[in-house]
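*Asks:* Chains A and Y are the protein sequences, given in the same order. For the first sequence, our numbering assigns the number 1 to the initial residue and increments by one for each residue that follows. For the second sequence, our numbering assigns the number 1001 to the initial residue and increments by one for each residue that follows.
Calculated from the structure, these hints are not laboratory results. Some clues are possibly wrong.
Said to hold, decoys possible - Pairs of lysine-lysine, DSS-like flavour, derived with a Cα cap of 25 Å:
1. Lys1025(Y) / Lys1052(Y)
2. Lys1071(Y) / Lys1025(Y)
3. Lys89(A) / Lys36(A)
4. Lys1013(Y) / Lys344(A)
5. Lys221(A) / Lys1025(Y)
6. Lys1071(Y) / Lys1013(Y)
Bear in mind that the values here come from a model prediction, so they are computed numbers and not experimental data.
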Amino acid sequence: MGNSFLGYLRPDGQVGVRNYVAVIPSVACVNGVVAKIAQLVPEIVPLYHGHGCGRSLEASLHSKVLTNLGKNPNVGAVLVVGLGCEVIKSTSIAEPIEKTGKPVVWLNVQEEGGSRRAAEKGANICRRLLSETNRCERTSFSLEKLSIGLECGGSDAFSGITANPAVGIASDYIVDEGGTVILTEDTEMIGTSHILARRAINEEVAEKTINMISEAEQLTKDLLGPLASLVIAPGNMDGGMSTIQEKSLGCIMKAGSRPIVEVVDYGTPPSRRGVVLMDGPGYDAESLPGLAAAGCQIIVFTTGRGTPLGFPICPVIKVASNSLLFELMRDDMDVNAGQVLEGKDLSEVGNEIVKFICDVASGRPTRAEINSQGGIVCLYTLHPPF
Amino acid sequence: MNRKTSIIIIDPKDNVGVARERIEKGAEVTVREADSFSALDEIPAGHKIALKNIPAGSAVIKYGEIIGKAKEDILQGSWVHTHNMM
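The following block holds chain A by itself, in its conformation from the complex:
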């Protein structure tokens, strides 16, 4: 079939589907300075987040995620804004991003004579970075350069029979073309580890798959105790889900049917192409930064109840599981998989999703982008604050 897309080639050989100048605060204390820069230069993309030194137990995780967001190929150039006395230094984010070859600049507010001067200097730096990234032009690439994040949120009884299997057909297509799809949200894989492990390319990947899911199951039991059964919620049961296996099977349909080539940690780019599992939380707002940090250029997000959530540096494609939602939240939905309930073939909707992915990769904005639903970066935390 030979679908292709028009993207931006980065110095490290990766290909972006957007061409952003990202401004990354190293600590929440400078979010206001970043906001001022965004006011002065509205074309930049601010990656506001809530990390502070009280979260220093998460420093290595958050440092990795912020760094890898800067490395995402949708980002053409980066300004890192630090304070000066924080745990995660601006340089510790900027230097590893610089290794990708893209333009990276950092500054610290304490060294620039305060927030106003730092913002003015930052704005000037951003104008220069924009003039550099604006010289980059889109050229044609095959789908092997794409890495697609898979997400579901606000699922309903139909997510597992319309939207998720339709996305699964698109996943198979992308993988057959040499591309990558990343499935995450461990808690939504509980009960299916034997099925996913069967798809692993080797023993090691099978073992990692089983361990990742059993740890998620244990964590769920430890945290929720007798409430662990809520992983399959009363709402799920009302909708027709009888067991956790049934619910999880619906979720993993997004990843299609091809072999699983690798299991990676949260926010870590895979080293192989194909179907990848990423260890991560079953919560959309924390899951999206993990997928973006893992290098996904596009995220395909299925929903039954509807959510406006997008992500600052990645186009997020919303696939509605039913036509009622598609009509009700028309402004937030991109593809209507609910047509399957009205008699359309799953494969037709799957092909529609492939086409949509290629269009979005070449520049077509998604509803979440049109509606500026980037929001703030919700960083996943494993430890309590202090």
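Given the structure of chain A, go ahead and fit chain Y onto it with the hints provided.
*Replies:* Just chain Y now, with coordinates in the frame of chain A:
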């Protein structure tokens, strides 16, 4: 393109189908061209209906995988949910 039927069968190995919309008790459920049966119960939208008899203790299959076991003998056309499977 398939003619519209009242149920979706996700995988050929499945012994349950999913109601596209609410199916009335007694309604004719068409599986394929020449294969149909009556719904023995009312089936809410999104819920499962048995495509064949499922004996007590045997597997309930959806997505081509085992999603649970029948707690009792389930007759073709029955609503399949937590009351008769686990």
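*Asks:* Against each hint, give a clear statement of whether it holds in the structure.
*Replies:* Hint check:
Of the supplied pair hints, the one linking Lys1025(Y) and Lys1052(Y) holds, its CA atoms being roughly 17 Å apart against a limit of 25 Å. Between Lys1071(Y) and Lys1025(Y) the CA atoms are separated by roughly 22 Å; this keeps the pair inside 25 Å, and the hint holds. Taking the CA atoms of Lys89(A) and Lys36(A), the gap is about 20 Å. The hint holds against a cut of 25 Å. Distance hint between Lys1013(Y) and Lys344(A) is fulfilled; the C-alpha atoms sit about 21 Å from each other, no more than 25 Å.
The hinted pair formed by Lys221(A) and Lys1025(Y) fails the criterion: a straight-line CA distance of about 39 Å is larger than 25 Å. Restraint check for Lys1071(Y) and Lys1013(Y): satisfied, since their Cα atoms lie roughly 20 Å apart, inside the 25 Å limit.
In this structure, only the earlier hint numbered 5 is contradicted, and the remaining ones agree with it.
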